[in-house]
Amino acid sequence: MNVRPFVFLAMLLMAAPALGQGFAGLGTAAQGFARPEPGDTLKFPADYGAHPAFRIEWWYLTANLTGPDGTDYGMQWTLFRSALAPETREGWSSPQIWMGHAAVTTPARHFVAERLARGGIGQAGVAAAPFTAWIDDWRMAGPDLSDLSVSASGPDFAYDLSLAAGGPLVLNGEAGYSVKSPEGQASHYYSQPFYAVRGTLHLPRGPVEVTGRAWLDREWSSQPLADTQQGWDWISLHFDNGAKLMGFRLRQKGGGAYGSGTWIGADGTVRTFGNGEMTMTPLREAPVAGRDIPVSWRVKLPAHGVDVTIEAVNDAAWMDVLFPYWEGPVRISGSHSGRGYLEMTGYD
Amino acid sequence: MVRATLAALMAHWWRHPLQLVSLAVGLALATALWSGVQAINGQARDSYDRAAQLLGQNRFARIEAADGQRFGQARYIALRRAGWQVSPVLEGTWRDGDRRLRILGVDPVTAPPGAVPQTVTGGAGLRPFITPPGLAFAAPETAAALEPATGLPELRATAGLLPGVLVMDIGIAQNLLSAPGAVSRLIVAPEQPMGRPPLAEIAPDLVQRAPQARADISRLTDSFHLNLTAFGLLSFAVGLFIVHSAVGLAFEQRRTMFRTLRAIGVPLAVLTALLAVEMLMLALFAGLAGVALGYGIAAALLPDVAATLRGLYGAAVPGTLNLSPGWWLGGLAVALVGATAASAQSLWRVWRMPLLAPAQPRAWARASARSMVAQTGIAAGLALAAVALAMWGQSLVAGFALLGAMLLAAALALPGVLSALLGMAERAARGPLALWFWADTRQQLPGLSLALMALLLALAANVGVGTMVASFRLTFTGWLDQRLASELYVTAENEAQAARLREWLAPRSNAVLPIWSIEGSLAGAPGAVFGVADHATYRDNWPMLRMQPGGWDRVARGEAALINEQLMRQAGLVPGDMLRLPGGHTLPVAGVYSDYGNPRGEAMIGVDLLTTLYPQVPRLRHAIRADPAQAVALARSLVEEFGLPPDNVTDQARIKALSLGIFEQTFTVTAALNVLTMGVAGFAMLMSLLTLSTMRLPQLAPVWALGLTRARLARLELVRAVMLAALTMLLALPVGLLLAWALLAVVNVAAFGWRLPMHLFPADWARLTALALLAGGTAAAWPAWRLARTAPADLLKVFAHER
Amino acid sequence: MLLEVRDITKGYDSGGEHVQVFAGVSLSVNAGEAVALTGESGSGKSTLLHLCAGLERPDAGQVALDGQTLGDMGDGARARLRRARIGLVFQQFNLIPSLPVAANLRFQAQLAGRENVTWTDTLAARLGLVPLLGRYPEQLSGGQQQRVAIGRALAGRPGLILADEPTGNLDEATGDAVMDLLLGLVGETGAGLLMVTHSARLAARLDRRLHLSGGGLC
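If you're matching them up, the sequences are chains A, B and C in order.
Final position of the first sequence in our numbering is 348; the numbers increase by one with none missing.
Final position of the second sequence in our numbering is 1803; the numbers increase by one with none missing.
Final position of the third sequence in our numbering is 2218; the numbers increase by one with none missing.
Don't take every hint at face value.
[As the list claims (entries may be wrong)] Some chain C residues near chain B, calculated using beta-carbon distances under 8 Å: (1) Arg2080; (2) Leu2088; (3) Leu2095; (4) Ser2098; (5) Ala2102; (6) Gln2108; (7) Trp2119; (8) Arg2157; (9) Asp2164.
Treat the hints as calculated values from the structure; they're not laboratory data.
Keep in mind that this is a model prediction, so the values were computed, not measured.
For each residue, glycine too, the CB sits at the ideal point set by N, CA and C.
Construct the entire structure; sequences and hints are all you get.
Below, the structure is given as C-alpha cells:
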C-alpha cells in the first residue's frame, strides 16, 4: 500500500494542526454537528443507515475464521463516514467523505486495502432498507443486519462471505448511549455479536474455504474522544463457552484510562458495565511499523470471573492506511478460552 | 623551481594583458552562450515535466472516450463500483479577457498519490476546496494576474504549479466549465484490486491508454529546444574557435620563453604540467564568469521563450529562472572541457618541441598549411555526409545532423578555400605591393582562420535563420489573408444565445458561417474535425495545396473530407485515401490545405455531417461575412445587442495582428541569439587581429624600411581585414541559403509537419554583408590604428634584436 | 655631396632619464665612396645609420641627401625618398617572409618604379641566386639571405647604400664572400656606401673610416 502524503490527512478532517486532537482528529470539537443524547432511542431499520448530521460513523465488521486445516484467520470489513460539515448536498459538493478498510490476517501475513470516496455521487454510501453499505466494489448487504453478504478486494486478496445472525442486536452503554469520558463525550453504539460466517478468502496461494464467527459494531458520534484522550484499546471476545465480551479503554494523554464494556452471557443475557470494572494490562510489546505495540494483554473482569490472556494471532496486523492503527485476531487463554479481535489506536 | 617557472610564465600575461583578456573573454563568452541556452532549455523542460506530472500523464495510465470527447461521470462511478481504482479529471479552457486559462478539475480524494500536486491537497483543508464557490490553486504569477477576475473560485497562489493552469475540485470545475457531470478522462492508479472485470465489460465506449513518457506537446516543443540547443552548440563552437586561436597564439608567442626555460634546466614535464594548470585555472575563472553571464542571457531571453512556447504550442512556462546546482556545474565543466580541447594541441606541441627549435612564425604557418590540407579533406567528407543526409534522411535528428555536417564542413573548408582564392589573387597581382598584400594575407590566414571560421558560422546562421524567418513571415501573412477571409468572428456564450445570434445576424450580414469543431483522435494522434458550410468564402479563399475536381461539392454533400498538411504528412494520406474520423466514420480525402502554425492534424467535413456524427458539438463560434466597411459597427452592435464580452467578437484585422504577433515572438529568441553569435564572431576577429598585430611587426618593419609609411601599412591592414570579411561573407551566403533550405524543407517538416516555400531576400544579404564588412573593419580598426601610431623606435628594434 | 650630415644630436629617454647617444656629429659621403663607420657596442652606430636613412629623426642638426634636407620632409616624402634613393642592408637580413626570393629581390625596385629586368637578372646571377629564386626566406641559409638583401638593396640602383653589420651574422668565410659581392657591386653602380661594422679588418677594405666614440666622431 502507498502511504499517502501526511498533509492529506490534515485535509481530510480539517484538523488544522494535524492530529493535534487525538487519533484521526476524533477529539476535534463538534461545532454544528448533532450530539448523541442519553434519552435517544435507537430505531431500526432506520439506524442501520447513515446519520449525516453526526460527524463520524462506522460500520465495523470483524471475524475470527478457521480454514479446513484449522489455521486461524482474521477478517475486517469497515466503512467509515466522515462529515466535513453537518449537512447533505447532492453531487460533488457533498461534505460526506467515505473511507473503507478491508483486511485479512493469517498467522504469517496481513493483507490490507483502503478505499476513499466522495459522497453525493454514488461511489459510496449506506441504505437502511434493504440494507446496503458500499464503497466502490466493496459491499455489505442483505435484507437487514441479520443476513449479510460481505465482499471486498485488494491488490493481493479478496473475500466473499455470508453472515447469519444467531441472536439479537446488543445495545452498548445505556440503551445504545455509550459514554467515552468523564467529561461526557459519548456515541451511539450497538453491536451484532452473533454472526456465524461461511465463505471464501482469496489469497495469493489460492482460495480458502472458511467458517467462523463475526462481530459487527455500529457507532456514530460527533466527538467520541475528549481532547485529552489520545487513542483507545478495544476488544471483542468470543469465548468457547458461548459468552462474549466487548470492552474498551480510552487512554488519557499522560496516563490513566477511561473504560466500559458489555458482557453477554452464554444464555444471551446482556450486562453493560462502566469505568473501572474491567482492567487491561499490556503483557508483551512487539515492534510494529517503527513503534512498540502491546500485542498481548491480561484482561480481567472480576464480576464475571474473567481473567484471561489475549495474544495476537499475528503481531504484524498493522493497518497501514491513511490513519494507521493495529487491528487483528487474538487467541484467548486463561479462565476462558476462545477467539476474538483486538483494536489499538493512537500509538505513535 | 616551480614557483620561478610559474612566475616566468605569468609574467607573460602581465606583459600581454590583451592576450589574457582575449583568452578569458573568449572562454567566458562561449560558456555564457552555451549555459544560457541550456538554462532556458532546462527551465522549459522542467516546466513540461511538471505539466505532465500535473496532468498525470507521465506516470499513470488513463482511460478516455474512444473519440476523445468528455463523457458522463456515471461511467466513472460504474468503473469504481466494479473495483477499478480510477480518479476523474475534467479539463477545459476558461477565458478571462485575452487570457486563456486551463482549468484542471480533480478529485483529491481518489487521485493516486502524486497525481495532484501536494501543495493543492495541503493547507486549507478539503471542505473549502470542494464546497462552492471552492478554491482554485494557481502559480503565483497567474494568481496575481487574475486578481481582479470575477467568476472564478477564490485563488490560492501556490509555487510549483504551471502558469496559466487553475487546479480546482472537479465539482467546482464542472460548474465553471458548464459541464455538469462531465469527465475528460480517468487516471488509473498503479495498484488495482484482484479480480476486477475488464474495461470493455463495464464501459465499452472507453479505452485505456498507457502512461506517456512525456506529454503530447513535448514532441513539438522538443524541436524548439533542439533548435535552441543547436544554436547553443553553434555559439559554443564559435566561442571555442576564439579560445583555440587565443590559446594557440599565446603558446606560440611564448615559444622562445619555453625554449629558454628548457635550456636553463626546467624539466619538460614540469613546464607542461604548469601550463596545463595555468589553463585549468584560467578556464575555471572564465567559466565562472561565463556561467554568470549565461544566467544573464537566459534571464533576459526567457520571457520571450516563455511567450513563444505559450503562443506557438500552448505550453505554459514560467517567465522566471530557477536553476539547479547541476546547471552551474555543467556550465563550468563545459568551460573546462572547452579549454582543455583548445589547449590540448598546443600542449602537445610544447611536449614535442625540440629543445632548440627555431622560433620562426613562417615555419609555424607552413605546418598549418599541412594541417589545412587535412582539414579540407575532413570538410569534403562532411559535405558528402551532408549530401547523403539531405537525400535520404527524413527524421528530425537527421535534419539536425544535416545542419551540423553542413556548417562544420563549411567552416573547415574555409581556410582552404580562402587560401586558394588568395593564391589566385597573388598570381594575378600586378605590382610588388599587390603581390606582397596577397602573399602576406595568405601567410596570416592560419592565425586568422579560426576567427574567420567563427565569422562564417555566424554569418551563415544569420543568412539561414533570417531567410527562414522571412520566408515564414511572407508565407504566413499570405496564408492568413486567405484563411481569415471573413470580416468578423463571434463566439456565443451558450447555445441558446448562438441560435439568437444567427437569427439576428441573418438579415444584417452577407453570410453567417459556423466554425464548429470537435476534438478527437485522427490517425492515432490528437486532432480536431471542423464543420464547413458550403459557401464561396471557402471555395474562393481556402488555401488549398491539392484539390480533386468537384472537391468542395463532395464535402458539402458530406461525401468527402479535406485534411490539413500536417495530417497529410503524419498519416501519409493523399487525396483519394480513406480518413477515419473519431467515432469510426470514414470518408475519402478530397483535398489538402495548408495550416501553418497548427501543431495538430485537422480535417474539415460538411457542417451537416458534423452535426449528424457529433450531435454534442458545441455550436458557438461563427464567421460573419459582411461589408468590410460595416464590420466594426456590426461588431459594436453585436456586443451591445447581446451583451457579449468584447473578446467574443473579433474582427479579422485583430486576429491577424494577434497571430502575426505570436509568430514574431517565435523568432525573437533566435534573432537575439543570432546577434549574440555575430558579436562573438566579431570579437573573435578583433582578438585574433590584435594578437597577430604584435607578432606582425617583424614582417611589417622591413616593408616600412623599404619605403612605405606606417599610415599606408595601417590602411592596408584595414583593407585586408575588410577583404577577408567580404570573402567570408561571399562563402557564407551559399552556406546560409543551404542552411535555410535544410531548416525549411527538412527540419520544419520533421518538427512541425509542414513545409514552407523558400523565398530569397537579397536586401537582407546586402545588409548582412555591410554588417560583416563593418565587423571586419571594426575588428581591424584598433590594430591598424595602433600600427599607424607605432613608434619608429619599435619598428627599428626589429632590425636590432632577434625576435 | 651625396650624403651630408651636419651637427646632429640624438638621445632617448630611458626610465625618466635622458640619455645622450651622441651630439654634434657631422659626416659626408660622396658618390662612389665607401665609408666605414666603426665604434664600440652602444656607441650609436646603428642609430646614426637609421638617421641617415630617414627611419628616425635627429633631435637637432640636419641630414641631407642629394642636397635635399630630410628634416623638411613628411613621413610620405621620406618614404618615397627611401624607396627610390636608398638601399638598406641589415644584420638580420630582414627579408619579407611571405614573398619568395625573386619577389623579395625585385620588391623595392618595383615599389619605386625603377625596376630594370636585365639588371635584376644580372644581380641574381652575380649573387648566385638563380637556383634559389622560387624559395622562401626561411628556406635559405644566412649567407644566402644576406645575398638576397644585397640584391634587393641594389635592384633599384639607389644612389646610397646603407649597411648595418651586413656580415655580423655570418661566419668569416661567408662574410668575406658577401663583402666581396657588396663592395664589387657598389663599385660597379657608382653608389655611395656607408657601412657600420665593428670589424677593423672589414673597415680597412673601405675608402674611408669614421670612428664613433664618446658621443662624437673622430
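Against the structure, the hints:
Restraint check, C/Arg2080 versus chain B: the minimum CB separation of about 7 Å is within 8 Å; hint holds. The closest approach between the C-beta of C/Leu2088 and any C-beta of chain B is roughly 6 Å, which is under the 8 Å cut-off, so the hint is satisfied. Among the interface hints, the one on C/Leu2095 holds; its C-beta lies about 7 Å from the nearest C-beta in chain B, closer than the 8 Å criterion. The beta carbon of C/Ser2098 comes within 4 Å of a beta carbon in chain B, closer than 8 Å, and the hint placing it at the interface holds.
For C/Ala2102, the shortest C-beta to C-beta distance to chain B is roughly 10 Å, which exceeds 8 Å, and the interface hint is violated. Interface hint status for C/Gln2108: upheld, as the beta-carbon distance to the closest one in chain B is roughly 5 Å, under 8 Å. Of the supplied interface hints, the one on C/Trp2119 is violated, with its beta-carbon coming no nearer than about 16 Å to a beta-carbon of chain B, more than 8 Å. Interface hint status for C/Arg2157: violated, as the beta-carbon distance to the closest one in chain B is roughly 15 Å, over 8 Å.
A least Cβ separation of about 7 Å between C/Asp2164 and chain B falls short of the 8 Å threshold, and the interface hint therefore holds.
Hint check: violations occur at hints 5, 7 and 8; the rest are consistent with the structure.
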